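Using the sequences and the accompanying hints, generate a full structural model.
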Amino acid sequence: MNDHWLVRPDTIRMIWIISIIVLALTVLADFVVSHHPYFGIDGTFGFGAWFGFGACVILVLGSKVLGAILKRQDSYYDD
Amino acid sequence: MMIDILFPPGLVLILAGLMLPLMGERFRAPTILIAPLIAFAIVWLLPSGPVLTFQYIGYELVPLKVDSLSRLFGTIFTIMAFAGGLFALKQERVLELASAFVYAGSALGVVFAGDLITVFIFWELMAVASTLLIWSSGGKALAAGQRYVMIHLLGGVILMAGIAGEIVSTGSIAFEAMDTNSWPRWLILAGFLINAGAPPLAAWLPDAYPEASWSGTVFLSAFTTKTAVFVLLRGFPGAEILIYIGLYMVFYGIVYAILENDMRRILAYSIINQVGFMVTGIGIGTEMALNGTAAHAFAHIIYKALLLMSAGAVLYQTGKRKCTDLGGLFRTMPITATCGIIGALSISAFPLTSGFISKSMISQGAADEHMMIVWMLLAAASAGVFLHAGIKFPWFVFFQKDSGMRPSEPPRSMRYAMYIMSVLCIGLGVFPGPLYALLPYPVDYVPYTGAHVVFQLQLLLFSGLAFFLLLNLLKRTLTITLDFDWFYRGLGRVLAREFDNMSIAAWTAFVESGYRAVQSFISAIYRHYGPNGILARTWPTGNMAFWTTALLATYLLIFFL
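Just so you know, the protein sequences line up as chains A and B, in that order.
For the first sequence, the numbering used here gives the first residue as 5, with consecutive numbering after it.
For the second sequence, the numbering used here gives the first residue as -5, with consecutive numbering after it.
Hints were generated in silico from the structure; no laboratory data involved.
Because the structure is a prediction, the values reported are computed rather than measured.
Worth double-checking, as some hints may not be accurate.
What the hints assert, rightly or not - Cut-off 27 Å, straight-line C-alpha distance, at most; resulting in silico cross-link-like pairs (BS3-like, lysine-lysine):
1. B:Lys134 with B:Lys316
2. A:Lys75 with B:Lys316
3. B:Lys84 with B:Lys134
4. B:Lys469 with B:Lys316
5. B:Lys395 with A:Lys75
6. B:Lys469 with B:Lys395
7. B:Lys316 with B:Lys84
8. B:Lys134 with B:Lys314
9. B:Lys314 with A:Lys68
10. B:Lys316 with B:Lys395
11. A:Lys68 with B:Lys316
12. B:Lys469 with B:Lys314
13. B:Lys314 with B:Lys395
14. A:Lys75 with B:Lys469
15. B:Lys314 with A:Lys75
16. A:Lys75 with B:Lys134
17. B:Lys395 with A:Lys68
18. A:Lys68 with B:Lys469
19. B:Lys84 with B:Lys314
Encoded structure:
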């Protein structure tokens, strides 16, 4: 194993574990800080988390649909 | 006592740009570095209010007028000219550097313009200089530059028509906040929006910017769209239509950037996305939202330039720009990768970066006005920014797979430019006070509250989770995505080819019918005069005598009758 330490499987597993812990902590932080919701929905538990995740899933899937229609080979405009 | 300097700061950069090709090579670097510093100093030494005025064709022109908004944009434009110049020191094409400085100077000209005629003059100068900047890199940039200038000249014509109409209907050339209550004003708004990258004519930006050189795109990212944000801030604060246009731009930028493969085109789409946040803020129009827009423009110029510098450094070192060819560069370009990541975190509005302290003010503006849907869409877009620029750009360029390339770090001048911008990104994020003090309205906003920080961290980190879970759907392919420019590149070409075919057919038919006419004329002559033609026969004398007799006989007959 002489590749860069950052791309070794062990390191990547460690990054995933730490990331999941951090993700959990940011959601749990909702118990600690007091939010001042403006609309109601933004006061639900872990709003940023589920809203951000959902928005990204919708954006990616939406882009895929649009891409299926609008994507072309990158030589499309070349002669 | 301070001495007031009454010289337009933009003119310093324009003159420097014009002189660059004329001077010896060893004077170029000092000029490039010192001219923006002089311009920066002038921005801050100018007194407030109308500084220069003169009469021209019966109107009072105000080519130099200073207030807090113009000073804010003047500050960031001159900082940008300095950092961009430093980054471009290794650029050998002097035309590019010269046009970049004229371009930056004209953008400053717009920012300090007190009347619409001055705005228009510098607006057009900016279009010409930026086109030359694109053309200077040659190759594919020539055609892209032509498409670019076509759209900008169209925008200029619309703007000119609007300004002329405004002068006719109000008699005033003053450049102040306007209501959208007359067609000239709508035309002015449309002219401004074309430069902002608003729909439908947005494709000029991702089409042309990535074709400029490794250093040229850095300049391009800063001035045209942000000058448009400036004139919209000054001319149309609170114009409701801008909310919808801005939100469209925000999502247009995200979706196209998600689908894109060219690293600099990803960043170009993300310019439209970011300008969309600003346009939305202008549409909301409260002091909070307008402050947020101005602050976001300031922060955006810095982190977008930083992102394009790191992309430019990769292009300079590898000659590659497609994500499918790149990857794994963090091994040998850790500095470039780190600077790129700082830019990516800033554009994503990560806490402790410049994007966080500016973009959140625009959202706050929407929340204060109880615009729930606008606020939700802006939040979703913030998540999308992290997806398409915040992670996608660094991931596919510096990590992803091992492309096998082991390029070294870029030259010192390019690294220093990236250091400056990185320090500014984090500096503004940690100490927002100085930037807030420059904003047009008093700031009553605290970015770092527990609620703000936790919300933003949740939003961004879970977007990151979505990115890595959906990575299979985000794999890069050797594709482009059709855009509005298809109408003048694809459809236009089909129509041109059809027209070509039809005009060739028409011409052939015309030539053939002419040919036939000439031929039938010739054959008629031949029939009469040819060897067997009636007029070519030898006429016997007897014939003549017969006809003479017949004629005389007829004459005699008539005479007796």
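Each hint, compared with the structure:
1. B:Lys134 with B:Lys316: holds (15 Å)
2. A:Lys75 with B:Lys316: Holds, at roughly 16 Å.
3. B:Lys84 with B:Lys134: holds (22 Å)
4. B:Lys469 with B:Lys316: OK: Lys469 (chain B) and Lys316 (chain B) at ~12 Å, within 27 Å.
5. B:Lys395 with A:Lys75: holds (23 Å)
6. B:Lys469 with B:Lys395: Between Lys469 (chain B) and Lys395 (chain B) the Cα gap is close to 11 Å, so the pair holds against 27 Å.
7. B:Lys316 with B:Lys84: holds (23 Å)
8. B:Lys134 with B:Lys314: holds (15 Å)
9. B:Lys314 with A:Lys68: The given pair, whose Cα atoms are some 25 Å apart, holds under the 27 Å limit.
10. B:Lys316 with B:Lys395: holds (13 Å)
11. A:Lys68 with B:Lys316: Holds - the C-alpha atoms of Lys316 (chain B) and Lys68 (chain A) are around 19 Å apart, at most 27 Å.
12. B:Lys469 with B:Lys314: OK: Lys469 (chain B) and Lys314 (chain B) at ~18 Å, within 27 Å.
13. B:Lys314 with B:Lys395: holds (15 Å)
14. A:Lys75 with B:Lys469: holds (14 Å)
15. B:Lys314 with A:Lys75: OK: Lys314 (chain B) and Lys75 (chain A) at ~21 Å, within 27 Å.
16. A:Lys75 with B:Lys134: holds (21 Å)
17. B:Lys395 with A:Lys68: holds (22 Å)
18. A:Lys68 with B:Lys469: Roughly 11 Å between the alpha carbons, so the hint for Lys68 (chain A) and Lys469 (chain B) holds.
19. B:Lys84 with B:Lys314: holds (18 Å)
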